[in-house]
Amino acid sequence: MSITIYVPCDSSAVSLGADRVATAIAKEAATRGLDIKLVRNGSRGMFWLEPLVEVATAKGRVAYGPVQPGDVSGLFDADFTQGAAHTLSLGLTEELDYFKKQQRLTFARIGKTDPVSLTDYVENDGYRGLKNALALSQEEIVQAVTDSGLRGRGGAAFPTGIKWKTVLNTASAQKYIICNADEGDSGTFSDRMVMEDDPFVLIEGMTIAGLAVDATQGYIYLRIEYPHACEVLNAAIATAYQEGYLGDNIQGSGKRFDLEVRLGAGAYVCGEETSLMESLEGKRGLVRFKPPLPAISGLFGQPTVVNNVISLASVPIILDKGGDYYRDFGIGRSRGTLPVQLAGNIKRPGLVELSFGLTLRELLYDFGGGSASGRPIKAVQVGGPLGAYLPEAQFDTVLDYEAFAAIWAVVGHGGIVVFDDTVNMAEMARYSMEFCKIESCGKCTPCRIGSTRGVEVMDDIINGRNLDKNIPLLRDLCDTLLNGSLCALGGMTPYPVLSALNHFPEDFGINVKATAA
Amino acid sequence: MTESGTTQPTVQEIIAALKDKPGALLPILHGIQDTLGYIPAACVPDIAAGLSLSRAEVHGVISFYHYFRDTPPGKQTIHLCRAESCQAMGAKQLEEHVKSKLGIGFHETTADGKFSLEPVYCLGNCACSPAMQIGKEIYGRVTADSFDATITTTEASA
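Sequence lines, in order, name chains A and B.
Numbering of the first sequence is given in this note's numbering, commencing with residue 1228 and proceeding in unit increments.
Numbering of the second sequence is given in this note's numbering, commencing with residue 1073 and proceeding in unit increments.
Just chain A, same shape as in the assembly:
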């Protein structure tokens, strides 16, 4: 009987040698005359164990990792194809604590299936949401999404159902669904994983969105930094067309939905929805004034839904199991689950999908295992480059949009970047200003000029020049950025800068005791 062996094709696993491991396994099996079926699955998201090789056994899939090409021959010697013990044995994959403790809704299939296999997708609950949606009215689909309590996972946390309803109620001959796949935040990779490891869930989510609001054209605006995701998405889209899941007669319903991947070109600001639409229209990615809202006048002036990858990828399970099912996860006004991404200086980096409500401390230590360097964790930045830095004293904050807002921080897209005690927070504040300067679209003055001045002021502060004058100047500048910028790039750069200053004044050369106030 053929033995099934899984080696991930996720680009992070590949960056650690998964392709070479897969080649070595195929070669070794051939040499030994063993009949194996090699499946390139997605990643389970436990990246300190990648490349994580799994073998299908009667008891379930058994994991080995991290495997390097040099380990392969020894694994065969130890009979790993029968799930036998080896120094790299980890036991049953789904019994691993890190994995078992998660609540995987959006990521239900990720790591289990072959991403580009439509058969795998359908056999693992795929396209059940679409099937239900095809039997519902547009209002009922929108109601299910509203009932789920889903809020935009890109970072702004705007209720998805309300956005859809606005587009549904705005009459137009042409409407659009845009998937914002410009995942530019450092410390985040959940969108990338969805696109590389389960692309059909995004295609299904976008198709449902199209049905719900009467949009016949979808675009996935994908960042150029994700070449693997681009290949996988295009392969999956081609299959979906062949099998009648996209095109002018979706599953015989007579409904139409077309989908195309469009590549960005390395501009962080194009993750801002209006800048993204300018870019899709073939222009410089300059931020637009709002109103009008994109839901009323968006791409090419037409009503447009712009949703993040995770938001759209959460739609199929909501339509499959119902809005209430999804809503029953989570706390307060943060409903459902959030795929948290643990990154930076952390021992067990990876993807952790859980209901809202866990504390940062649980994520950092119970899941993450503390810092990778073994040194104390000094700060974490949550929510990407525009997110606040949080000190240890705030690690008991619960992951919840409102709880984070209450401490002047953001959950954002769910990325958590960990820094040990060797980090200098004034340097990080300078970097935030520098990043804003590099990525500013230039349309509004506070962001365009303020970020340049911010770098200069930070240089003065780092060099200890005139702190009495420069610290208030930095605060004043942040106030202008915060209140005067057109979009979140300038408007939120003060979050990392001021949180670093407020929580770690000593790194800015401020004698805390002398200036305590």
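These are computed hints drawn from the structure, not numbers from a lab.
Treat the hints loosely; a few may be bogus.
Stated by the list, open to error - Chain A stretches covered by chain B per the calculated footprint, using a threshold of three residues with CB under 8 angstroms from any CB of chain B:
1. 1237–1249
2. 1452–1463
3. 1510–1516
4. 1565–1577
5. 1638–1652
6. 1700–1713
Stated by the list, open to error - In silico DSS-like pairs for lysine-lysine, Cα to Cα no more than 27 angstroms straight-line:
7. 1696/A x 1664/A
8. 1392/A x 1548/A
9. 1510/A x 1093/B
10. 1164/B x 1574/A
11. 1286/A x 1264/A
12. 1327/A x 1548/A
13. 1186/B x 1173/B
14. 1510/A x 1670/A
15. 1147/B x 1164/B
16. 1171/B x 1664/A
17. 1171/B x 1208/B
18. 1208/B x 1186/B
19. 1093/B x 1482/A
20. 1208/B x 1164/B
21. 1147/B x 1173/B
22. 1510/A x 1208/B
23. 1147/B x 1254/A
24. 1664/A x 1164/B
25. 1186/B x 1171/B
26. 1517/A x 1286/A
27. 1510/A x 1091/B
28. 1664/A x 1510/A
To be verified - Derived Cβ-Cβ restraints for the label pairs, each shown as a range:
29. 1265/A x 1186/B: 32 to 40 angstroms
30. 1227/B x 1297/A: 18 to 26 angstroms
31. 1286/A x 1175/B: 52 to 60 angstroms
All C-beta atoms in this analysis are idealised placements derived from N, C-alpha and C, irrespective of residue type, glycine included.
Take the given structure of chain A and dock chain B to it, following the hints.
For chain B alone, coordinates are given in the frame of chain A:
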């Protein structure tokens, strides 16, 4: 990357094939850069004419996006991540090493034309920081030693 011996579409062909797409400019610019490795200034009038835009508008778009370049790159382009997650794992020290090893700074190409070095702000490989990309290959947990080994291999296969 360009391959010699294969028939490449000309700039005119790329423009003709894509100009009727809605929002065609970025797809055309990608098409040209994929084929030639950069977008020569000489292409700008043709693109502008094909899309009924001014040359200034086309130039403005090319210069807005970090990824588009108007000079030929080296044989291989190294994108080194500078973002926070990579910084938390030593990206600054790695950046110093890479620059001194190659003898160039960001946005420069080595004198022998083998490597161009570009900064990148996140490759989505933050669980394996620090990260870099050479061509379409992504590398994780990059160290000074693994960088040296990688460019030696890349050089040999280039």
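Exercise. Assess, step by step, whether the Cα of residue 1208/B is no farther than 27 angstroms from the Cα of residue 1164/B, and give holds or violated.
Key: 23 angstroms, holds
Quiz item: Checking C-beta pairs, does the region 1510–1516 of chain A have three or more residues closer than 8 angstroms to chain B?
Solution: Answer holds; 3 residues pass the 8 angstroms Cβ test.
Quiz prompt | 27 angstroms Cα cutoff - pair residue 1171/B, residue 1664/A | solution = 22 angstroms, holds
Exercise. Decide if the proposed pair is consistent with the structure: residue 1510/A and residue 1670/A, CA atoms, cutoff 27 angstroms inclusive.
Key: Holds. Residue 1510/A to residue 1670/A sits at ~13 angstroms (cutoff 27 angstroms).
Self-check item: Proposed proximity, residue 1286/A with residue 1517/A (alpha carbon, max 27 angstroms)
Solution: 56 angstroms, violated
Exercise. For residue 1265/A and residue 1186/B, compare the CB-CB distance with the range 32 to 40 angstroms and indicate the outcome.
Key: Holds, at about 35 angstroms.
Quiz prompt | Hinted pair residue 1093/B and residue 1482/A, Cα distance within 27 angstroms | solution = The hint holds at about 22 angstroms.
Quiz item: Would the pair residue 1147/B and residue 1173/B pass a check requiring their Cα atoms to be no farther apart than 27 angstroms?
Solution: 17 angstroms, holds
Practice problem: Would you mind confirming whether the straight-line C-alpha gap from residue 1510/A to residue 1091/B stays at or under 27 angstroms? | Solution: 14 angstroms, holds
Quiz prompt | Holds or violated: residue 1510/A to residue 1093/B, with C-alpha atoms at most 27 angstroms apart | solution = 14 angstroms, holds
Quiz item: Given the hinted pair residue 1664/A and residue 1510/A, is their alpha-carbon gap at most 27 angstroms?
Solution: Between residue 1664/A and residue 1510/A the Cα gap is close to 20 angstroms, so the pair holds against 27 angstroms.
Exercise. With a cut-off of 27 angstroms on the C-alpha distance, tell me whether residue 1664/A and residue 1164/B pass.
Key: With a Cα-Cα distance of about 19 angstroms, the restraint between residue 1664/A and residue 1164/B holds, given a limit of 27 angstroms.
Checked against the numbered hints above, the structure breaks hints 6, 23 and 26 and satisfies the rest.
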